[in-house]
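Go ahead and model the full structure; you've got the sequences and the hints to work with.
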Amino acid sequence: MSDIRTLPNERLFADLERLFDEGGDVQLPVKGYSMRPFLKSERDSVHLLPATSVRLRRGMVVLFRYRTGHILHRIRRIEGDRLTIVGDGNCRQQERVMRTDVLAWADAIRRNGHTIRYGSCRWRLLSAYSLALHLARTLYYTLRGSRRRA
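Numbered according to my numbering, the sequence shown spans residues 1 to 150.
Read the hints as simulated data drawn from the structure, not as lab findings. Just so it is clear, the structure is predicted and the values come from calculations on it, not from any experiment. Everything hinted at is true.
What follows is a set of in silico ranges between Cβ atoms, one per label pair, in the way DEER data are often shown:
1. T142 <-> T115: 34 to 40 angstroms
2. R18 <-> M98: 16 to 22 angstroms
3. L56 <-> R144: 29 to 35 angstroms
4. T52 <-> T142: 36 to 42 angstroms
5. T142 <-> S120: 29 to 35 angstroms
Where is the CB? At the ideal position from N, CA and C, for every residue including glycine.
Now the structure itself:
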């Protein structure tokens with residue numbers, strides 16, 4: 001019998017917030033495409049720990065509250081208590097949130113039966129690859145847009 005349950009997002013994230021407040025951790029399947037190629041929807045899962053358990057750093061993948069929902073993206077910039085967060089696959093969209101909006105951080109991803117830990121050589125290589133593609137796509141869309149206006 002499978003122990004996988006499907007819950008409405010509102011209930012799931014309310015339960016997760018309580019879990020993180022109590023110091024718990026969770027393995028969560030990835031849904032969506034904003035973190036490609038680093039994370040693939042419905043193939044990968046992330047292991048999340050409470051944000052209070054670590055000092056947040058640039059480059060970390062975090063789960064945070066944004067407007068009326070919750071998003072898993074990478075920290076791009078930290079300025080005091082303000083964070084700029086982006087998805088690896090998003091060229092133009094950035095979220096600006098307060099440090100208190102961050103609920104959890106990804107200390108590992110699970111891909112094809114293998115665990116990739118935060119800070120490991122493989123994690124750093126995947127992150128560098130994602131960042132390089134992000135920069136290339138941003139440059140492409142910027143140049144493409146400037147040609148259309150000319």
